[in-house]
Every structure is written in structure tokens, then in C-alpha cells.
Amino acid sequence: MIAFQFVTAFLMIFMGLYAFLYKRNLIKLVLALNLVDAGIHLLLISLGYRLENGLLPTAPIYTGYETLKGTPMVGPIPQALVLTSIVIGVCVLSLAMALTINAYQHYETLDVSKLRRLRG
Amino acid sequence: MRPQNSDMGLIVKTMARATIPLIGIFGAYVIAHGHITPGGGFQGGATIAGAGVLFLVAFGLSEAKEKINKNFYSVLEGIGGLVFLAAGMLGLGVVFFYNVLWHKGPVFNGEAGTLLSAGYLPIMNLAVGLKVYTGLVSALFAIALFRRWKK
Amino acid sequence: MNVLPWLIITPLFGAFSMPVISLLGGKFREHWVVIVSGLTLGIAAKVFYTIWKSNEILVYTLGDTNPIGNGVKFPIRIIWEVDLFGALLALTITFVSFLAILYSLEYMKHDTGLDKYYTLTLVLELGMLGIVITGDIFNFYVFLEIMSIASYALVAFRNDTWEGIEAGVKYMFVGSLASSFILLGIALLYGQYGTLTMAYLAMKIAENPTLISKVALAFLVGGLLFKSGAVPVHMWLSDAHPAAPSSISAMLSGLVIKAGGVYAIARIIFGIFNPGLHSYLKAFDMPALNLNTLGWIIIFFACLTLVIGNAMAVVQNDMKRLFAFSSVGQIGYILLGFGIGIVAYGDKIGEIALTGAVYHIVNHAVIKGLLFFIAGAVIHQVGTKNLNELSGLARRMPFTTLSFIIGAAAIIGLPPLNGFASKWLIYESSAMYNPILAVIAVIGTVFSLAAYTRVLFTFLGVESEKVKMVKEPGNAMIVPMLVLVIIILVMGILSWQISDKIMLPTAKMLEQLNGEYIMALLKFMGGG
Numbered sequence: 001m002i003a004f005q006f007v008t009a010f011l012m013i014f015m016g017l018y019a020f021l022y023k024r025n026l027i028k029l030v031l032a033l034n035l036v037d038a039g040i041h042l043l044l045i046s047l048g049y050r051l052e053n054g055l056l057p058t059a060p061i062y063t064g065y066e067t068l069k070g071t072p073m074v075g076p077i078p079q080a081l082v083l084t085s086i087v088i089g090v091c092v093l094s095l096a097m098a099l100t101i102n103a104y105q106h107y108e109t110l111d112v113s114k115l116r117r118l119r120g
Numbered sequence: 001m002r003p004q005n006s007d008m009g010l011i012v013k014t015m016a017r018a019t020i021p022l023i024g025i026f027g028a029y030v031i032a033h034g035h036i037t038p039g040g041g042f043q044g045g046a047t048i049a050g051a052g053v054l055f056l057v058a059f060g061l062s063e064a065k066e067k068i069n070k071n072f073y074s075v076l077e078g079i080g081g082l083v084f085l086a087a088g089m090l091g092l093g094v095v096f097f098y099n100v101l102w103h104k105g106p107v108f109n110g111e112a113g114t115l116l117s118a119g120y121l122p123i124m125n126l127a128v129g130l131k132v133y134t135g136l137v138s139a140l141f142a143i144a145l146f147r148r149w150k151k
Numbered sequence: 001m002n003v004l005p006w007l008i009i010t011p012l013f014g015a016f017s018m019p020v021i022s023l024l025g026g027k028f029r030e031h032w033v034v035i036v037s038g039l040t041l042g043i044a045a046k047v048f049y050t051i052w053k054s055n056e057i058l059v060y061t062l063g064d065t066n067p068i069g070n071g072v073k074f075p076i077r078i079i080w081e082v083d084l085f086g087a088l089l090a091l092t093i094t095f096v097s098f099l100a101i102l103y104s105l106e107y108m109k110h111d112t113g114l115d116k117y118y119t120l121t122l123v124l125e126l127g128m129l130g131i132v133i134t135g136d137i138f139n140f141y142v143f144l145e146i147m148s149i150a151s152y153a154l155v156a157f158r159n160d161t162w163e164g165i166e167a168g169v170k171y172m173f174v175g176s177l178a179s180s181f182i183l184l185g186i187a188l189l190y191g192q193y194g195t196l197t198m199a200y201l202a203m204k205i206a207e208n209p210t211l212i213s214k215v216a217l218a219f220l221v222g223g224l225l226f227k228s229g230a231v232p233v234h235m236w237l238s239d240a241h242p243a244a245p246s247s248i249s250a251m252l253s254g255l256v257i258k259a260g261g262v263y264a265i266a267r268i269i270f271g272i273f274n275p276g277l278h279s280y281l282k283a284f285d286m287p288a289l290n291l292n293t294l295g296w297i298i299i300f301f302a303c304l305t306l307v308i309g310n311a312m313a314v315v316q317n318d319m320k321r322l323f324a325f326s327s328v329g330q331i332g333y334i335l336l337g338f339g340i341g342i343v344a345y346g347d348k349i350g351e352i353a354l355t356g357a358v359y360h361i362v363n364h365a366v367i368k369g370l371l372f373f374i375a376g377a378v379i380h381q382v383g384t385k386n387l388n389e390l391s392g393l394a395r396r397m398p399f400t401t402l403s404f405i406i407g408a409a410a411i412i413g414l415p416p417l418n419g420f421a422s423k424w425l426i427y428e429s430s431a432m433y434n435p436i437l438a439v440i441a442v443i444g445t446v447f448s449l450a451a452y453t454r455v456l457f458t459f460l461g462v463e464s465e466k467v468k469m470v471k472e473p474g475n476a477m478i479v480p481m482l483v484l485v486i487i488i489l490v491m492g493i494l495s496w497q498i499s500d501k502i503m504l505p506t507a508k509m510l511e512q513l514n515g516e517y518i519m520a521l522l523k524f525m526g527g528g
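Residue numbers (this note's numbering), protein chains in the order written: chain A, 1 to 120; chain B, 1 to 151; chain C, 1 to 528.
Mixed in with the good hints, there may be bad ones.
Unchecked claim - Not the full set, but computed from the structure, chain B residues with beta-carbon under 7 Å of chain C: (1) Ser74; (2) Gly81; (3) Leu82; (4) Leu85; (5) Leu90.
Don't read these hints as lab results, they were simulated from the structure. Virtual Cβ for every residue (Gly too), placed ideally from N, Cα, C.
Given the sequences, and given the hints that come with them, work out the whole structure.
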């Protein structure tokens with residue numbers, strides 16, 4: 001059985017890297033950064049899924065806990081890591097959009113290869 | 001062409017008036033049950049920020065300028081952060097993030113799986129939810145106010 | 001022991017209460033930020049003194065007194081593990097940040113939006129302090145991102161000029177990509193070994209080194225070399241450091257590329273992938289990683305950085321851009337010291353190289369702070385930073401020129417100042433190991449001598465149009481420069497005492513020939 005979650009995660013990381021290196025629109029670069037982050041988050045979350053005694057794990061919801069005793073749950077630590085990383089990604093995204101709008105106001109274009117006034 | 005500061009029409013405004021409180025209630029449910037179900041501070045805060053953005057988009061910029069006060073939102077953001085830090089410092093006699101309210105505290109001491117349990121976690125969820133909501137709405141409001149295009 | 005969490009609580013409290021305080025007016029805000037950063041300096045000094053006196057590693061757990069969970073035998077809580085290297089860097093960070101905040105009280109008087117500026121500066125200091133005291137690898141990533149996002153916003157602070165926006169865009173996109181690589185390395189390590197605590201991860205990697213741990217090491221070191229400004233990925237540094245306001249340039253060039261770049265590489269290589277443990281296992285024919293290849297790769301990049309960084313500094317016309325390229329060159333010295341420390345692990349040569357590298361981190365932070373403060377004073381008074389228009393400054397601003405002479409002499413490595421001691425240790429260890437490296441290091445010094453002499457002759461020349469009306473800057477800008485000049489002179493006179501009593505134990509603790517970093521955690525696990 002091929003583990004499709006890991007293949008998809010690495011595919012997303014490579015697509016994000018390709019878009020970051022070969023595209024020139026500033027907004028496409030921001031989206032490429034988010035695509036790389038999304039691939040890494042998928043990789044981290046799929047590390048928490050483990051089979052225990054042949055039972056499939058369920059989501060960690062605690063209401064009605066008494067009826068669920070005995071079924072395993074998915075690992076909680078990767079969820080905390082991914083949550084922190086999503087918050088960091090939102091911060092970077094909002095700062096990047098603010099900088100993009102400012103760059104459009106100064107340079108009149110969204111082409112990254114035109115931002116070349118600092119050289120030498 | 002519509003002028004810049006207008007709203008989005010009568011149908012959208014009526015639906016927004018109905019949906020914004022419902023989104024707010026759902027977001028409050030997600031924040032308050034953060035220690036039992038998936039959710040918590042950031043997710044609930046981002047949901048209520050969605051309600052804020054719906055208000056900003058449906059009712060136009062001029063209406064938003066009267067209702068949203070930037071200094072007030074900044075102060076609320078600071079207060080949210082200070083409550084989070086104070087909740088972490090409650091057990092400083094033992095170590096930094098010690099869960100004093102769970103081990104011997106007054107209120108948040110019930111059994112695992114009920115609403116009033118898990119020590120300082122509900123307090124921290126509320127503080128983080130407030131901080132995330134005010135932060136996201138002020139950031140998006142500042143981007144919407146940016147109108148210095150040179151023509 | 002009990003004073004360590006206050007190192008994080010104080011800047012965090014200062015940053016969160018800044019919107020509330022700034023409702024009360026501007027004067028109150030300035031007093032508040034100076035008090036907060038001064039308190040942090042006092043706490044960092046106390047932590048450093050405690051660890052230096054007792055010479056053992058401090059372990060502090062968050063959440064309970066014991067990092068081991070209930071009924072299991074491995075650590076599950078976040079721990080903060082401070083050794084002498086971390087405490088020394090914490091002291092340097094708080095000292096230079098305090099002086100930068102004092103300096104910016106007068107430098108930033110004509111800007112608006114100052115409450116956001118002070119909040120971001122305190123958050124930048126908090127991020128750096130968190131990186132140097134943590135012992136958990138995901139906590140390290142969170143503090144690294146806090147520091148990076150604050151520095152992106154501060155570089156683009158003057159968003160009404162095109163220079164700030166262009167530098168901010170370039171710095172932000174490259175920096176975020178590098179952080180994503182670091183997160184990928186951390187995710188691979190967590191998936192393979194199941195733990196996030198650095199000392200426990202070292203034990204597990206020594207038991208079972210696989211291909212995935214080598215790939216994770218490559219991603220981690222690659223991402224961190226991006227962030228510390230090594231060649232060939234140094235281009236963001238020469239645009240970002242000049243575009244920031246000068247007090248922030250001093251913090252960026254002196255502290256951010258050290259705490260978030262070189263310190264992290266040293267901690268990951270010596271703390272997690274421990275060369276001593278692996279060569280010990282190789283003697284028993286068990287599977288182990290060969291870290292000599294990594295050491296030679298770091299030495300190769302360090303030599304490139306030395307030559308190219310210092311050489312590009314000679315041809316610049318812009319004073320702050322010249323200082324930024326000189327920073328790139330000095331990072332080459334530090335990386336050379338670390339590289340020789342890896343390949344010559346266990347010998348006297350390796351110890352001397354590590355001592356030189358650690359000493360140079362502290363020296364360069366102080367010297368670059370002074371140089372950027374001088375650049376800021378010149379820009380604030382004259383209004384330009386183009387070297388062609390700045391000739392003849394010495395007659396009008398004598399104290400600034402004198403400070404520049406002392407700072408330039410220290411960074412080149414002239415004898416009675418502090419730069420000489422650290423550079424001498426790096427020359428000596430590289431000459432004993434392989435003489436070609438010593439030749440490359442001396443070539444780098446020759447280039448930097450050319451660059452700084454050019455600036456000095458410009459200052460001492462004939463007066464040009466623009467400098468006819470200037471005078472010395474005000475008190476809040478003179479006092480930090482004076483303090484740094486005195487520190488450089490005192491550190492230069494006492495340099496061998498400092499090297500023996502402070503830097504050599506630091507290098508020994510970093511090298512951990514007895515595995516002290518891992519032993520400090522094993523004490524909790526039932527006496528290891």
C-alpha cells in the first residue's frame with residue numbers, strides 16, 4: 001500500500017517550490033509560500049495516524065467520553081504543532097499582503113523582476 | 001462603476017444582518033469548548049473575525065468607519081495578551097505554567113470531559129480568542145483603508 | 001534557578017502593555033520601554049552570573065517540576081536548558097538591545113507610529129532571548145518565527161520610501177522560504193524519532209541513525225545558513241540592513257544573524273548530532289553518522305563568505321551597505337571557527353577554534369553596534385549616506401570620528417582592542433589545522449582593512465558642501481556610543497583574562513566531551 005498522504009505532501013512542497021522559483025507576479029509568490037506551508041502541515045498531521053491493536057483511531061472529541069473508552073485516538077502532539085504553524089502562516093500572509101500593496105503603490109507594477117533599484 | 005465607499009445592496013445587507021449573530025454564536029461555542037472538542041482560542045477567534053469581515057464587506061467602508069474604533073481595538077488586544085500572561089503566571093511559585101487551578105483550585109476542578117475542567121485552559125482560550133479577533137479585524141480594516149493610489 | 005522565567009515574562013509584559021501605556025502619552029511610553037529593557041538586562045546578568053559561578057547546566061521545565069510524564073520513561077514536557085553559551089549570548093543580546101532602545105529615543109523622534117515601533121523592538125528582543133535559552137526543538141522554531149516576523153516588519157518600517165519596501169519584500173520572501181525548510185527538517189526528525197526534546201533526541205539518534213536523519217540535518221543546516229547570511233545566499237542582507245532605521249540595523253547586524261543563524265547551527269550540530277558520541281560509537285563498529293563531511297562543507301562556505309563578503313565591501317558607495325557587506329565577511333570567520341571545531345573534535349585545535357568563534361560572536365555584536373550607531377548619527381545630522389558627499393566630517397563631528405577610528409581598528413584586528421584576541425585565536429587554529437585556511441582568513445582581513453581605510457580617509461578629507469553646517473548629535477545618541485567605546489577598550493585590555501575565564505569554559509561546555517548536555521536531562525530519568 002502506497003501511503004498517499006506522504007506522496008501528496010511532498011508533491012505539494014515541490015509544486016510550491018516550482019512556483020516560487022519560476023513565477024514573477026508578487027501575488028503568485030505569496031500563494032507559493034502558502035502552498036509550501038500547506039504541504040508541510042499535511043506531512044506533520046499524517047504522522048499522527050497510527051493503528052493500535054488493529055483498531056482505527058478516531059478524532060479526539062471528549063463529550064460522551066464514557067461510551068468511547070477503549071477506542072484509540074489520533075496522536076495529539078502533531079495537531080498542536082500544526083496549529084501553531086498555521087497561526088505563523090497567517091501572520092506571514094497578512095504581512096506579505098500589506099507589503100505587496102505598498103510595493104504596488106510605489107512601483108506601479110506587480111512584477112518582481114522590476115524591483116531592482118537597489119543594486120551594486 | 002460603483003463609487004468606492006458604497007455597500008453591497010439591500011439583499012446582501014439583510015442576509016448579513018441575519019448571519020452575523022449566528023456566526024458569532026458558533027464562534028463563541030468553538031472558543032468555550034476548546035478543551036473538550038477540537039477548537040480553542042485561535043480557531044474560534046478566526047471564525048468571529050469572519051463575521052467582522054462580513055460586516056466590513058457588506059455594509060461598506062463608511063459604515064465601518066463609524067463602528068470600528070482603532071484605539072479601542074488596540075487596547076483590547078493588549079488586554080487579551082495580558083490576561084494570557086497572568087493566567088500563565090498564577091502558579092509561579094512552583095514553575096512558570098503550572099496548572100494551579102486544576103490541582104487545587106476553586107472552580108475549574110471538575111472531572112475530565114466536562115465543561116468546567118482543565119484548570120486555566122478556558123481562561124486562556126477566551127483571552128486568545130479576543131486577541132485574535134481584534135488583531136485580524138484591525139489588520140483587515142487597515143488594509144481596506146489604504147487608498148493612496150497615485151492617479 | 002527561579003529567575004529564569006522572568007527573562008521571558010518581562011519583555012512579553014512590556015510588549016503587551018504598550019497599547020495601554022501609549023494612551024497616556026509619548027513621554028510615558030519612552031520611560032516604560034527603557035525601564036523594561038533595563039530590567040531584562042539585570043535579569044540576564046544574574047542568570048549569567050549564576051551559571052558561570054556553578055559551571056553546570058540549568059534545566060527548567062514548563063508545567064511541572066519533572067519533565068518525565070506519569071508512568072512513562074521519556075520526557076514529555078517543554079524544557080528550557082541553559083548552558084554557558086546561551087547565558088553569554090543572552091547577556092550580549094540584552095545589553096545591545098538596551099543601548100539600541102536608548103539610541104532610538106532621539107533617532108526616531110521625527111517618525112510617526114512609534115508605539116508600534118517600540119512594541120516590535122521588544123518582541124524582537126523576546127524572540128532572540130527565547131532562542132538562546134530553549135531546549136526543545138519546536139519551541140526554538142516558534143521563537144525563531146517570532147524574531148523573524150518582527151524583523152520583517154521593522155525593516156519595512158519606513159513605508160513611505162521605496163527603499164524600505166523593496167528591501168522588506170526581498171527579505172521577507174527569502175526568509176519565509178528558509179523558515180519553511182527548517183520546519184520540514186523538524187517534521188522529518190519528529191516523524192522518525194517521536195520526540196522533540198533536544199537532549200533526548202540526541203540519545204535516540206545515536207541509537208539509530210538512518211537516512212532520514214541525514215536528510216533532516218541537510219534541510220536544517222541549509223535553512224539556517226540562509227538565515228545567517230552565508231554566501232551564496234547573502235543577497236538579502238545587503239539590501240535589508242541598510243534600509244532599516246539605524247538602531248534596528250545595529251540589532252539586526254549584531255544580534256539577529258547570530259542568535260537566529262550561527263547559534264542555532266552550533267546548537268543543532270553539537271547538541272543534537274553530537275560528534276563525540278558518534279565517533280565513540282564508530283570505535284565500537286556500531287552504525288554512526290560521519291560529521292566530518294558536514295564540517296568540510298561548512299569550512300568551504302565559510303571561506304567563500306570571507307573572501308566575497310569582504311571584497312564586495314571595498315567597492316560600495318553607500319556607507320551602511322559597506323557595513324552590511326562587512327557583516328557578511330565577519331560571519332565567515334565565525335563559521336570557519338565552527339567548521340574547524342567540528343572536523344578537529346576532541347583535539348586542542350578544535351577547542352581553540354570554538355573559543356575563537358564564540359569570542360568573535362560577542363566582539364562583533366558590540367563592534368557592529370557601535371559602527372551602525374555612528375552611521376545613524378551621520379545620517380541624522382548630515383542627511384545623506386553617500387560616501388562621495390561626506391568628506392571632511394572630522395572637523396565638525398570629532399567624537400563621532402574618534403569612535404569610528406576605534407570601531408574600525410577593532411574590526412580589522414589591531415592589537416590593543418578586542419577584535420585582535422578573537423581573530424588571533426581563529427588564525428592560530430586554522431594555521432595549525434591547514435595553512436591554506438589561514439591564508440584565506442588573512443586575505444579577508446586585508447580586504448576589510450582596505451574598505452575601512454577608505455571610509456576613514458573620506459572622513460578626514462577636505463570639507464564638502466553638505467557638512468559645513470553640522471554639529472554633534474544630542475545626548476541620547478552620544479551616550480550609547482560612549483558606553484560601547486569604553487566596553488571595546490576594556491575588553492581589549494583584559495582580553496586574555498576574558499578568554500581564559502569566560503570563553504574557554506563556554507567552548508568546553510559547547511563541545512561537551514563528557515556529554516553534559518544529555519547528562520543534565522538524564523538526572524531526571526532515574527539517574528541514567
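Evaluated hints:
no. : hint  : in the structure
1   : Ser74 : holds (4 Å)
2   : Gly81 : holds (4 Å)
3   : Leu82 : holds (5 Å)
4   : Leu85 : holds (6 Å)
5   : Leu90 : violated (13 Å)
Checked against the numbered hints given earlier, the structure breaks only hint 5 and satisfies all the rest.
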